[in-house]
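So the chains spell out like this:
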Amino acid sequence: MDSSVLEALIVHVCETVIAHTEELTALDQAIGDGDHGLNMKRGFEAVLAKVDMIAALPPADALEAAGMALVMKVGGASGPIYGTFFMALGKAWPAELTREGFTGAFAAAIDAVKARGKSEPGMKTLLDVLVPLLAALREGADTARLRVVATTAAQATVPMKAIRGRASFLGERSIGHMDPGARSACLVAHTIIDVLEGAGKG
Amino acid sequence: MSANVGIVIVSHSPDVAKGAADMVRQMVGDDVPLAWCGGAPGGGLGTSVEAIMSAIDSAWSDAGVAILVDLGGAETNSEMAIEMLPDDRRDRVVICNAPVVEGAVMAGTEASAGSSLEHVRRTAEELRAA
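Those protein sequences? They're chains A and B, same order as listed.
For the first sequence, the positions run 1 to 202 when this note's numbering is used.
For the second sequence, the positions run 1 to 130 when this note's numbering is used.
It should be emphasised that the hints constitute simulated quantities derived from the structure, not laboratory data.
All figures in this text were calculated on a predicted structure; none of them were measured in a lab.
A hint or two may mislead.
As the list claims (entries may be wrong) - Listing some non-contacts, in silico: residues in chain A with all C-beta distances to chain B over 12 Å: (1) Ser4; (2) Val5; (3) Ala8; (4) Ile18; (5) Ala19; (6) Glu22; (7) Asp35; (8) Glu45; (9) Asp61; (10) Pro80; (11) Leu97; (12) Phe106; (13) Gly117; (14) Arg145; (15) Thr152; (16) Thr191.
Stated by the list, open to error - Among chain A residues calculated to face chain B with C-beta under 8 Å, some are: (17) Leu38; (18) Asn39; (19) Lys41; (20) Arg42; (21) Gly79; (22) Lys114; (23) Ala115; (24) Leu170.
Note that CB positions come from ideal geometry on N, CA and C, so glycine has one too.
Produce the entire structure from the sequences given, and follow the hints as far as they go.
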């Protein structure tokens, strides 16, 4: 992956998350503590501020640097969770970028998120988007299919009862709302797909 | 440096963290290394990995440090902070699964008696069983 694609990925992911601050906040106000939008904004603004430095790094190091910025700047549990995801993705990044290599790194990053959040799919978290995406990648899904999978998976968190995160305090009352972390993961996935498709690497 | 276990209080709210620390200080005076932090990086409710690491540093004791946290993000960020500590310190920091105010006072009192890190943690966590 050349550095211009990497820079486009970082810029678009950050700008998308920042642009959806209010939507993520509203989702989190319904079932959490209402800080997901602001926390993600603060973290991705910190990444965006360093984009020149980060995009000049090899992809593996860039992912780790972006992850570390999220860990240090987000201020809520989503910092270590998203930060761990990108840091683990960087650590497992393949020497040569192939679909199989990426899928393996993505699986390793998901395992790291499970460990960090002491969470599994079905608990109404971002894992409920990441895990279906991994399955689709393994089945050879194309970009159009991956978009549908991400959107459908985020939507599928609506009827779930939260087991982890602040929403779990609400018990049954968490049912009927989309998980904010699942929504942000869906947004990030869509943005990455859009950029890679635009770069002819879909 | 005190020989007693240090106590770190981590809350989403700086007011809560400081208030809990004041209560510990009233119980144990200066016998226990004590630090608190609260608030997201740049302000607002939340917790900061950097601030937690610096609180651990300022409450450092060779006997170890017990951390009391309030809610999810405080725990996750504290776990992250512990992982980022130097190798020779990482194994001497624990998070107590206890209510932040009561746990801090119980842990601080136990620490002031010179108890081990494990004993301090168990004392704070007994609150859950009570």
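We went through each hint and held it up to the structure:
Here Ser4/A stays apart from chain B, with its beta-carbon at least about 30 Å from theirs, past the 12 Å limit. Every beta carbon of chain B lies more than 12 Å from that of Val5/A, the smallest distance being close to 29 Å; the non-interface claim holds. For Ala8/A, the shortest C-beta to C-beta distance to chain B comes to about 27 Å, beyond the 12 Å cut-off, and the non-interface label holds. The Cβ of Ile18/A sits about 15 Å from the closest Cβ of chain B, beyond the 12 Å cut-off, so the non-interface label holds.
Every Cβ of chain B is farther than 12 Å from the Cβ of Ala19/A; the closest lies at roughly 20 Å, confirming the non-interface assignment. Distance check on Glu22/A: its Cβ is at least 16 Å (rounded) from any Cβ of chain B, clearing the 12 Å threshold; non-interface status holds. Against chain B, the non-interface label of Asp35/A is violated: not every CB pair exceeds 12 Å, the least being about 6 Å. Chain B draws Glu45/A into its interface by the beta-carbon criterion, the shortest separation being 10 Å against a cut-off of 12 Å.
Distance check for Asp61/A against chain B: the nearest CB is about 17 Å away, which clears 12 Å, and the non-interface claim stands. Under the 12 Å C-beta cut-off, the non-interface status given to Pro80/A relative to chain B is violated; the minimum distance is some 4 Å. Listed as outside the interface, Leu97/A is consistent with that label: its C-beta sits roughly 28 Å from the nearest C-beta of chain B, beyond the 12 Å cut-off. No Cβ of chain B comes within 12 Å of the Cβ of Phe106/A; the nearest lies about 21 Å off, and the non-interface call holds.
The claim that Gly117/A is not at the interface with chain B is violated, since a C-beta of that chain comes within 12 Å of its own (minimum 7 Å). Listed as a non-interface residue, Arg145/A keeps its Cβ farther than 12 Å from every Cβ of chain B; the least gap is roughly 33 Å. No beta-carbon of chain B is positioned within 12 Å of the beta-carbon of Thr152/A; the least distance is around 27 Å. Distance check for Thr191/A against chain B: the nearest CB is about 24 Å away, which clears 12 Å, and the non-interface claim stands.
The interface hint given for Leu38/A is met, as the beta carbon of that residue sits about 7 Å from the closest beta carbon of chain B, less than 8 Å. Residue-level restraint check for Asn39/A holds (minimum Cβ-Cβ distance to chain B is 7 Å; threshold 8 Å). About 11 Å separates the beta-carbon of Lys41/A from the nearest beta-carbon of chain B, more than 8 Å, and the hint is not met. Hint status for Arg42/A: holds, given a least beta-carbon distance of 6 Å to chain B, under 8 Å.
Hint status for Gly79/A relative to chain B: holds, with the closest Cβ pair at about 7 Å, below 8 Å. The interface hint given for Lys114/A is violated, since its Cβ lies 13 Å from the closest Cβ of chain B, which is over the 8 Å cut-off. Among the interface hints, the one on Ala115/A is violated; its C-beta lies about 10 Å from the nearest C-beta in chain B, farther than the 8 Å criterion. The interface hint given for Leu170/A is violated, since its Cβ lies 13 Å from the closest Cβ of chain B, which is over the 8 Å cut-off.
Consistency with the previously given hints fails for numbers 7, 8, 10, 13, 19, 22, 23, 24, ordered from lowest to highest.
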